[in-house]
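**Q** Starting from the given sequences, assemble the full structure and let the hints guide the process.
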Amino acid sequence: MSASGESAARPAIALTGEQLARLVYPVVAVAAFLGLWEVLVRIMDVPLWLLPKPSDFLSRMVVDHALLLEQAWSTAVSIVLGFALAVAVAVPLALAIVSIGTFERGLYPVIVFLNIMPKTVIGPILIVWFGVNQLVIVLIVFLMCFFPILVDSMAGFRATDPRLYYITRSMGANTWQAFRHVRLPAAMTFVFAGMKIGIVKAVEGVIIAEFIGSSAGLGFLIMRASSFMDQTLMFSGLIATALVAMVFNGAMLATEHWLMPWARGRGH
Amino acid sequence: MQRDTTDPGTSSGRDADIGASIVARGMTKIYGSGADAHHALGPIDLDIKPGEFVSLIGPSGCGKSTTMLLVSGLEPVSGGSVEVDGKPLTAPITEVGIVFQDHLLLEFRTAMKNVMLQQEIRGLDKAVLEDRARMLFERLDLVGAENRYPWQLSGGMRQRVSIARALVHDPSMLLMDEPFGALDAITRTQIRHDLEMLWLDTSKTVLFITHSIEEAVGLSDRVLVMSKGPGRIVEEIAIDLPRPRPAHLGEYPDFAKYANRIYDIFQKLGIYKFT
Numbered sequence: 001m002s003a004s005g006e007s008a009a010r011p012a013i014a015l016t017g018e019q020l021a022r023l024v025y026p027v028v029a030v031a032a033f034l035g036l037w038e039v040l041v042r043i044m045d046v047p048l049w050l051l052p053k054p055s056d057f058l059s060r061m062v063v064d065h066a067l068l069l070e071q072a073w074s075t076a077v078s079i080v081l082g083f084a085l086a087v088a089v090a091v092p093l094a095l096a097i098v099s100i101g102t103f104e105r106g107l108y109p110v111i112v113f114l115n116i117m118p119k120t121v122i123g124p125i126l127i128v129w130f131g132v133n134q135l136v137i138v139l140i141v142f143l144m145c146f147f148p149i150l151v152d153s154m155a156g157f158r159a160t161d162p163r164l165y166y167i168t169r170s171m172g173a174n175t176w177q178a179f180r181h182v183r184l185p186a187a188m189t190f191v192f193a194g195m196k197i198g199i200v201k202a203v204e205g206v207i208i209a210e211f212i213g214s215s216a217g218l219g220f221l222i223m224r225a226s227s228f229m230d231q232t233l234m235f236s237g238l239i240a241t242a243l244v245a246m247v248f249n250g251a252m253l254a255t256e257h258w259l260m261p262w263a264r265g266r267g268h
Numbered sequence: 269m270q271r272d273t274t275d276p277g278t279s280s281g282r283d284a285d286i287g288a289s290i291v292a293r294g295m296t297k298i299y300g301s302g303a304d305a306h307h308a309l310g311p312i313d314l315d316i317k318p319g320e321f322v323s324l325i326g327p328s329g330c331g332k333s334t335t336m337l338l339v340s341g342l343e344p345v346s347g348g349s350v351e352v353d354g355k356p357l358t359a360p361i362t363e364v365g366i367v368f369q370d371h372l373l374l375e376f377r378t379a380m381k382n383v384m385l386q387q388e389i390r391g392l393d394k395a396v397l398e399d400r401a402r403m404l405f406e407r408l409d410l411v412g413a414e415n416r417y418p419w420q421l422s423g424g425m426r427q428r429v430s431i432a433r434a435l436v437h438d439p440s441m442l443l444m445d446e447p448f449g450a451l452d453a454i455t456r457t458q459i460r461h462d463l464e465m466l467w468l469d470t471s472k473t474v475l476f477i478t479h480s481i482e483e484a485v486g487l488s489d490r491v492l493v494m495s496k497g498p499g500r501i502v503e504e505i506a507i508d509l510p511r512p513r514p515a516h517l518g519e520y521p522d523f524a525k526y527a528n529r530i531y532d533i534f535q536k537l538g539i540y541k542f543t
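First to last, the sequence lines map onto chains A and B. 1 is the number of the first residue of the first sequence in the working numbering; add one for each residue after it. 269 is the number of the first residue of the second sequence in the working numbering; add one for each residue after it.
Note that these hints are calculated values from the structure, not bench results. Keep in mind that the hints are not guaranteed to be accurate.
[Unchecked claim] Distance windows between CB atoms, simulated:
1. A:261 to B:449: 28 to 34 Å
2. A:242 to B:449: 49 to 55 Å
3. A:260 to B:359: 33 to 39 Å
4. B:311 to A:260: 45 to 51 Å
5. A:261 to B:532: 50 to 56 Å
6. B:419 to A:69: 39 to 45 Å
7. A:162 to B:294: 24 to 30 Å
8. B:344 to A:101: 18 to 24 Å
Beta carbons: idealized from backbone N, C-alpha and C, even for Gly.
**A** In structure tokens, the structure reads:
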């Protein structure tokens with residue numbers, strides 16, 4: 001370890017042998033899995049309506065790429081809106097609950113109760129209120145990822161050792177300075193932990209929400225394909241959903257890496 | 269160090285080469301109220317001269333930490349008065365650096381940025397403070413650690429960074445609450461010496477809280493022995509040993525004399541129950 005910031009000294013793009021290996025192994029594993037699938041389905045002559053071959057749904061993804069992209073885009077927009085709304089509400093609310101005793105005693109039990117309730121149950125009610133549209137999807141995504149972000153943010157705002165405030169007060173810091181320089185950045189690690197769980201929940205929630213009440217999105221596409229017994233399209237939708245999930249998880253990790261350079265290289 | 273009183277790098281503009289005086293009369297602290305009230309400290313009197321190194325030693329719960337919080341204005345007194353440099357305390361003083369047993373560094377800042385928090389919050393001159401931080405990193409054997417995060421440093425180094433943070437704005441008073449309590453014995457002896465050397469150069473007033481008789485005698489001009497229930501000062505021992513003091517304090521025949529006096533007080537108070 002060099003003294004002048006080991007992670008900063010390393011170029012961000014260049015891959016080390018170890019990183020390359022980390023990339024190659026899963027790719028080889030997936031290719032082998034798909035190859036085996038292809039061979040077995042051909043040998044056993046499984047009908048298309050029961051289980052399509054990888055060559056079927058992969059080529060379908062190429063043919064119908066415009067349709068898949070359009071639906072994936074709709075799903076992605078729902079995730080972004082619902083997730084952003086959850087962060088925008090949960091983080092300030094966590095601070096309020098931690099800071100104000102009345103909120104802690106009054107509001108928190110209500111939120112815990114709402115969390116225990118399966119979120120998708122609210123779907124049909126929301127459809128009555130708002131009709132079948134994207135707002136319902138966004139609200140369900142919001143409900144799915146709101147709670148983990150709230151709970152972890154609360155832990156984060158409580159994480160600062162109170163004696164640290166003695167030190168900031170001895171520096172003449174006012175409440176805002178102590179918050180900006182100490183409490184908020186200290187909470188970031190926790191907020192991000194909550195957001196990482198939240199984004200997984202959001203991707204999970206968005207598809208279920210689109211199953212229940214939507215006229216767009218990958219969940220809607222899969223549901224429609226199901227009613228036409230179009231297995232190839234369903235598998236294409238499944239792969240597309242997995243890709244959307246990967247993009248969002250990757251974006252979260254990249255944001256964390258960028259915003260919290262101090263955690264780089266630290267074991268988890 | 270030659271410095272005029274308008275130095276943009278000091279927190280008040282006063283000449284910090286002269287430490288602050290601390291005078292307390294009948295200082296008392298009661299936490300809580302009614303049936304839950306806990307009489308933690310006092311009444312005690314303190315007369316700490318500018319530039320003096322004073323240790324508070326005593327069992328856990330004897331009000332050492334409370335004393336520190338009261339003389340810095342971080343907690344209000346319940347009774348009596350405190351004056352720092354002749355001025356009664358009404359708010360937390362800022363002419364001070366504080367070190368706790370835990371380093372309390374910010375995990376998201378590098379060692380240097382942790383120290384420079386003083387500059388950012390106080391709005392002091394960046395170049396001046398950076399120079400002083402580098403000087404402190406040199407004196408505290410931290411060269412090379414500037415851009416490391418706390419988790420990349422050893423316990424001893426983290427505590428050294430914490431000391432640099434408490435000194436970088438050149439305060440007139442240094443408050444240390446068991447600063448070496450979590451360190452191993454070898455690190456502790458070295459860091460004690462490094463602190464003494466820094467103090468000898470700047471003559472800040474130091475209030476040093478410890479459980480260690482060796483640290484108290486090894487560092488102080490004066491040791492105040494405290495007892496609990498409520499916290500009081502039971503004895504005051506002036507330590508007349510030459511400075512800088514050696515790693516092995518046993519070199520001084522008088523060290524044993526001072527240490528024995530403190531052991532005797534602890535025995536007499538029932539803090540030690542050796543038979």
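**Q** Evaluate each hint against the coordinates.
**A** How the hints compare with the structure:
| no. | hint | in the structure |
| --- | --- | --- |
| 1 | A:261 to B:449: 28 to 34 Å | holds, 31 Å |
| 2 | A:242 to B:449: 49 to 55 Å | holds, 53 Å |
| 3 | A:260 to B:359: 33 to 39 Å | holds, 35 Å |
| 4 | B:311 to A:260: 45 to 51 Å | holds, 49 Å |
| 5 | A:261 to B:532: 50 to 56 Å | holds, 54 Å |
| 6 | B:419 to A:69: 39 to 45 Å | holds, 43 Å |
| 7 | A:162 to B:294: 24 to 30 Å | holds, 28 Å |
| 8 | B:344 to A:101: 18 to 24 Å | holds, 22 Å |
Of the numbered hints given earlier, the model fails none.
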